[in-house]
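Undergrad: Residue strings, one per chain:
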Amino acid sequence: MELAQAVVQADIDLHALAPELVLTATACLVLVVDLFMPREAKWVAMPLSAAGLLGTLAAVMSLVGEHRTTLAESFEVDAFSLLFKGLFCLMGLLILGMSLHHFRESTYHEGEYYFLLLCGLLGGVVMASARDLISIFIALELISIPGIVMTALRKRNAKSNESALKFFLFSVLSSAVMLLGMSLIYGVTGTTQLDGIREAFASALGGPAVSPGISLPADHPFVVMSVFFIVIGFAFKISAVPFHFWAPDTYEGAPSPVAAFLSTASKIGGFVGLLVLMFVAFPQVADGWRPVFAVLAALTMTVGNLIALRQQHIIRLLAYSGIAQSGYVLVAFALIDPGAAETNRQAFESALIYLAIYGIMDLGAFAAAVAFARRGGTYFIEDYRGLWNRSPVLATLLAAFLVSLAGAPPMAGAWAKLFVFLATIDAQVYWLAVVMGLNATIAAWYYLAVVKRMFFDTTEVSTEPIEVPAVLRVVMAGAAALLFAGFVYPPLITELAERSFL
Amino acid sequence: MEWFDAGWGLSLATFLPVVGALVLLFVPAGQEQTIKLVGTVFAGLSLIAAIGVALRFDYGQTDQIQLGANLEWIAQIGARYHIGVDGLSLPMFVLSALVTFLCCIYMWFHIPDPGKPKAFFALVLLLATGMNGAFVALDLILFFIFFEIVLVPMYFMIGIWGGPRREYAAVKFFLYTLFGSIFMLLGFLALWVNSGGLDGGTFDMIALRDQGVHASELFQNLVFLGLFLGFAIKVPMWPFHTWLPDAHTEAPTVGSVLLAAILLKMGTYGFIRIALPILPDAAVTYAPIIGILAVIAIIYGALCCLAQTDLKRLIAFSSVGHMGFVMLGIATLTDAGINGAIFAMVAHGLITGMLFFLAGSIHERYHTREIAELGGLLKQIPRFGTVFTYAAIASLGLPGLAGFWGEMLALLGSYNPAPDLDPVLFRVLMVGGGVGTVLTAGYLLWTIQRVNLGRVPERFADGHGIHDVVPLEWIAWAPLLVLILAAGVFPKLMLGVTDGAVQHLVQVFGAVAGH
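As given, the protein sequences belong to chains A and B, one line each in that order. The first sequence begins at 5 in our numbering and counts up by one. The second sequence begins at 2 in our numbering and counts up by one.
No lab work stands behind these hints, which were simulated from the structure alone. Bear in mind that the values here come from a model prediction, so they are computed numbers and not experimental data. Quick reminder that beta carbons are idealized off the backbone N, C-alpha and C, glycines included. Don't take each hint at face value.
Here are some chain A residues the structure puts well away from chain B; computed CB gaps all over 10 angstroms [to be verified]:
hint	residue
1	I16
2	W293
3	A298
4	D430
5	T462
6	I470
7	E471
Reference listing, derived: stretches of chain A covered by chain B, where coverage requires no fewer than 3 residues with Cβ under 8 angstroms from a Cβ of chain B [to be verified]:
hint	segment
8	343-351
9	410-420
Bound-form chain B, shown alone:
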């Protein structure tokens, strides 16, 4: 297994999907079963490699980069093929491979109009390479390429298979994200110039972290601003969030799932992996702003959810709020807060991914997502209704399910933020976040009440075409449902992985607040 540990495991998990996409190009478009099989097999192989990585990972040294490779790539500018995982990235990496595979299974029977499974699978697989790669890249240029590579497939997925306003949503998604990532790139290049530029400069995240940035405060703040724009738009943080409801609502089910579960996390991961460790001083300067924006996002997202009439759009706005908790956790710059942030990233990936699957399936059964037109799901399709209730309750942060720990830790972290931060401000933010959790519980319970309970509307009373959860749906959803419970009951499963790495990260902020 030496080859596996020397970067091959990670590389296989990252690139097998795109190889699958290339293979698909040569499968005739008519052979739908072969296409689905090839796509799922490559996604499955990628998942097996990712699980292999998780098994080979040394959990005693989560703060160390493991199973990596560091090869020459673009020698002229010192960009290298440097990959590896540690406690910060392993959970998201495995989640990314898992969700991709589950989406492929779901796609066996759910290819939205206008069909064309070949193109759909190829795009999902290309997307998977970008997602997996972003979580293993340890070189800024490599990270940038993976970060950008997801734009094109997601643009096509929204634009071709999306809802009525798909063209608008697709272009908005692309331009918004491109705009942000260009400034992120400028920030990366500035870091490179600062580390020596052509004269031995490096794009290596670890090296940049270890050697620190020796430059004026203004320079650091400007570079942080560039990175902030790129990551904050991806997260998306309020007020950069406006692309998200459109993209989520219009995207096909699988697109929404991948967007919510993985793509958004690239932004928050960027903060944890790149912005905080490399520019700690600027991070302290920006933390209050990030915290305030995060709490605005939490409350704003919850209020918007209360006003939504479309189920999918409601879940989209709930993402704004949940990502607000992640950002609040990051802004505290504490052990508890950042552990909570990573926990909330994974939890949100599991739960909101699940909710988007359910929203898509409701649309398929009832041909509407208008909350007002739905009702009595528990009566008509009890198993489906139960799963929906479970996911919604997990989303509101019920203790014992995955949604609880991340948000609790983020709030705990903001009670006692890093020493350089103003504790009064962060305690106010904590209260704001607390209010947000109440509102979140409110809109989710109200949604459950309107969708799940009550009488079955007359137009659906005959039950025509409305069936309960089918076996393939169980296969695609069961892992998510189990993991939501597992992460809720045994938070150590996750915190044990992340804590070592997070402790290492927050050392620079001088915080040792335990949890």
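The shape of chain A in the complex, shown without the other chains:
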């Protein structure tokens, strides 16, 4: 009701919404421009989208240092949301960069793709600010549904259709479960606002109810079950084991830039929602779901890594590696302790740092795979043999991203892992730290297996160098430069993360 009133009274802070407005306008513009362009010129949607994302980034910058709430307090602009809005813009630019040639050189629906991609990114940008069950749900669907359509863009390809259908079914199922959980929470607390939910549980724990809806304490099985439903819904979105089955098939069937989107922006969007929910709305219920997250994290990284060992296809490898990487972020959720503010803070920051670095390095690896497939025509790791002799720069950059994913210096991925370790030890959950340590070693094996093919194998597939278009080169070099800079001077990201604590 409050929301409806606010909208009717037009009591809306437009500046706070500026990034979303710019992005929405760009998406609409791209859709319209596409209608009037001949097939050969449809690629202009890409520079147009890129300009829109830069505009969005500018709007984000204009809000730095501000703290605003609008739309009846369901939408918040703070350091946390700006960090992720900025990250989504950056990831969007990287994905656009790897899309241009990929879509120009095939028979996709080019203009529609850019429109859908912008919509998906808009979902992420909204998610960063959402502080209400309803807006979180809307943002999540705004990320997922364009993702499903983009997966199906190769209309006449059976694999593409299969993967889109799989993705669709899993997505709908998880949304339904999540919605059930959310509605139960609303039933218990009488509010959809996250702050309100927390206060409701706090007062239910401490004494008499302050709002009419509250009747159950936080540790009541009914409440635990409701939170559990929400967690399961998110577990599908972030492809945590055992809810991960859709991801590798979907990534493989989707156009590779779309797979890159799903593996980074879409997944990070899910994590942002989960972070906000768990750290803002449900910290009091932490005792109930902390062990769930610990098991989920350990399972996710272990299973993801073990299956990744057997992969022959670079996109599937990246899919399973992405699942394993999610496990490290999930660790942060297993550390929350409502009583220990500093531990919470460190866990939260470690998740932010991990997500930001993961987004960049994973996109870099996808960009390299796209660049290789463009001329090599294949995604099989076997065919990466001797790539260093053919295209030293491409091989070196891909190796840099893989080293970063493995968490070894001299790339920022080392810090991502280190901060999760730090938070885990600080929270004294030693067994999880040991599980992570073993996993880091397993993971290094398959990342290095790709490096080995590119650098050590001399049985060449071909000696013809792979020509990499300028846009892709900029994408990869930019990502690598960011990762190297982040390694040399980690405060670049730790400072941002520290300010972003909710």
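Chain A is already provided as a structure; the job is to place chain B on it using the hints.
TA: Same frame as chain A, now just chain B:
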């Protein structure tokens, strides 16, 4: 020179190589001479800075951290850019810069297949930054980063330029070391949490040493175990040594030299710099185990050497034995033992580095490293044969050469270990180590006999492509040869540097056994 003393000297010596590597990225791959020049110049500048550090160092206060800097780095967790040298680290630091430079000179004419000097130089320079940095870092996170940074370049060096089983050796090296260093990191983080964690915790090695670890015995022992895994795998101690023969044998000559001379010492240095001073009680608990493993390594390494047919693999196994002496010295927790350990670290760096250079050069001349196929080196290439004999005899610990003092002091230390340790056990260990020295002498003399003496095999009799030491080899090797003699004749050169710092270190163990 104030700027130089305020950390710039150390920072330059540490980071000039990686700057050189970045510069190399922009040199076209075809211009081989420019690449070699740039690489060597940056390694040389780094060495000049390191020599500058050695000259500015105040030898009257070797137990003090000198020429350092302590700047803010990652404020959130209290990790700082804290660097500096004292008597414990100065010798290894200078050796690291020196060996890197000598390797660069050697690489002027010895780039193994498949060539590609640009990548090779860039990796060596990146490696150099990691090595130099590990010996000057005084912050645990900084140390961890330098400790880890060597993995990637060494992995590529073994994997691209290595021998027939290079892929296996490279991956084994990487995974083994990564596995250990993750547990080392967990140990570091536990120390940090214990010192206050987010609430003012510190990663500073000196501060952690001074304030001590106030925690249960179990906690200290577990943390020590984490550090032990990381360092022991790097050393490598028996039974964690299996990566070493493969890595050494398959690596290109320069890779083997750097691995033997410097990389292994990061592990032993870690014990001396971090594990012992910060966790003295746990060190006393673990010392007998370390001592026993060390003596097993000495005897096992020597026995393996007797069984080797490949010259390079033989030298690799001899490293296991020599590092065993270093660990035995450390395990005694005495002044003599630890001084001996540092001496043996440097000596092993000089001698085994030299031996790997020679093994590589033999392979280049004869296209084989099979001991059985070689012979009569002294007859065919007398100068080379003499250098080989010299290095091998230094390795077996002949008095008057560098190899003697470290092992002698380590054995002396174990005759009279720290008061809390069981003297009977350590005297037994001393006997074991003594047996090891005999075996060591045995296999080295036998090797000299088989390789250097006797008749020149028929297939090499025409001497085609087999030449004596060339001038560039003399330039690359002369400093090592001279230092082996100098350290052997004037052990004070080294012991004078280390003793003050070691005395400071062993105070906590209550041992004042002189040497």
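Undergrad: Hint by hint, note whether the structure agrees.
TA: Structure-based check of all given hints:
1. I16: 36 angstroms, holds
2. W293: 23 angstroms, holds
3. A298: 17 angstroms, holds
4. D430: Answer for A:D430: violated, closest chain B Cβ roughly 5 angstroms.
5. T462: Its Cβ does come within 10 angstroms of chain B, the nearest being 7 angstroms, so this is violated.
6. I470: 17 angstroms, holds
7. E471: Holds, since 17 angstroms exceeds 10 angstroms.
8. 343-351: holds (count 4)
9. 410-420: holds (count 4)
In this structure, the earlier hints numbered 4, 5 are contradicted, and the remaining ones agree with it.
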